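**Student:** Start from the sequences and build out the full structure, keeping to the hints where you can.
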Amino acid sequence: MSQPGATNWHGIAVTFVAGVAAAIMLAKASAAAPAVQQDLGLQLSQIGWVVSVSNLATLLFGTISGQLSARFGLPTMLKSGLLIMTIAALLSLFAGQYLTLLAGRALEGVGVVLVTVAAPALIASLSRPEDRSMAMGIWALWMPIGAVIIMLLSPLLMGWQGWHGLWLFAALASLAAWMLLHRQPISTDGPAGAFDLKALTAIAPWLLATIFACFSFQFFSVFTFMPIYLDNTLGISTQHAARLVALIPVFIIPGNLLGGWLAKRGFPPWLLILIPALLLLLITQGLFRITTLDTPGYLLLGGYGLILGIIPTAIFVQAPRLATTASAAAPIIGLGMSGQGLGILIGPPLTGWVADGGQQWQACANLLSLVLLLLATFA
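Residue numbers (this note's numbering): 681 to 1059.
Heads up, a few of these hints could be off.
Unchecked claim - Restraint ranges, calculated between C-beta atoms of paired labels, are given here:
{"no.": "1", "residue 1": "ALA783", "residue 2": "GLY842", "range": "16 to 22 Å"}
{"no.": "2", "residue 1": "LEU779", "residue 2": "LEU860", "range": "30 to 36 Å"}
{"no.": "3", "residue 1": "ASN1046", "residue 2": "TYR978", "range": "22 to 28 Å"}
{"no.": "4", "residue 1": "ASP974", "residue 2": "LEU832", "range": "18 to 24 Å"}
{"no.": "5", "residue 1": "LEU779", "residue 2": "LEU852", "range": "24 to 30 Å"}
{"no.": "6", "residue 1": "ARG923", "residue 2": "HIS862", "range": "32 to 38 Å"}
FYI, nobody ran anything at the bench for these hints, they're computed from the structure.
These numbers were taken from a predicted model, which means no experiment stands behind them.
Don't be surprised by glycine CBs; every beta carbon is placed ideally from N, CA and C.
**Tutor:** Structure, rendered in structure tokens:
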């Protein structure tokens, strides 16, 4: 890859804000899952589709969006994605039935994939080699910070306008990020390049995409159904359950930073994936055995987030290293995001289908543990 003369931290910060807006757009459905279920009378498997259908675009167009980014430029794709997210979320406010809501979520996903492919490639291009591990570690915070924001605000927003309040907030967040990028445009070194198909002929990018699929399957399934599990098991309110589950993304943040710190000090990415995956095998079994709100329960939720947070940092650190040219970074990241889309697309619906069979939460834990075992194997 061509290298910038100096790391553009301002550009990285503005790009990161766009990523947080995309995370809010994705995570709002998980935060609103109990309210949407009650309002529309949905089964758990249908809730899983509400959460995951936005990632159909990521699965189908992740690599294509990498091509578009290389053709039209990363900043252009970033702004286009934010605008699409804003429009889609506003249209979804008028959804009064299940299929209409699914259509709106699918359109949101088109914007999300444009942002989440362009942003990390742009951050990589704005950072010097010695700063890249830390810069990509910062980018890995996009999802947990967005998730924390929406989970903590969800009781207030849902108390105001039900689940519609979360959709409106997500639309405004995307619009604000678009205005920030419009007022403070980011320049990159050199023009947009051609799409480097050779980057996708090696096996390493495909393994990275598979790892991302396993990671996102696990995380979004837990994030979506843990509030419902706590509600059903402990009999607590939806708002209280949302605040408890917010512990997961809160602790993912220091986990991301820890992963970036370890990567900067020479720990290989495969090790930063393997060890957390094995530890999470044990923790996941414990999560679906929480029966009381005591110290072990809080430790399980926080520990899950802390250890899980190391994995995406390792993935984002490794992706630019696989690019031999500047035009190869976006396709590789696009393929990785397709893997993420696949994991989110099939994870929550499959986990919800398992749980629908008489609230078989332990079966859910076993399913998620199997996915972690696959993750460790591919590492």
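**Student:** Look at each hint and say if it fits the structure.
**Tutor:** Hint by hint, here is what the structure shows:
1. ALA783 <-> GLY842: 16 to 22 Å: holds, 19 Å
2. LEU779 <-> LEU860: 30 to 36 Å: Given a distance of about 34 Å, which is inside 30 to 36 Å, the answer is holds.
3. ASN1046 <-> TYR978: 22 to 28 Å: Roughly 23 Å apart at Cβ, these two residues keep to the hinted range, so it holds.
4. ASP974 <-> LEU832: 18 to 24 Å: At roughly 22 Å between Cβ atoms, LEU832 and ASP974 fall inside 18 to 24 Å, so the hint holds.
5. LEU779 <-> LEU852: 24 to 30 Å: Holds: the Cβ-Cβ distance is about 25 Å, inside 24 to 30 Å.
6. ARG923 <-> HIS862: 32 to 38 Å: holds, 34 Å
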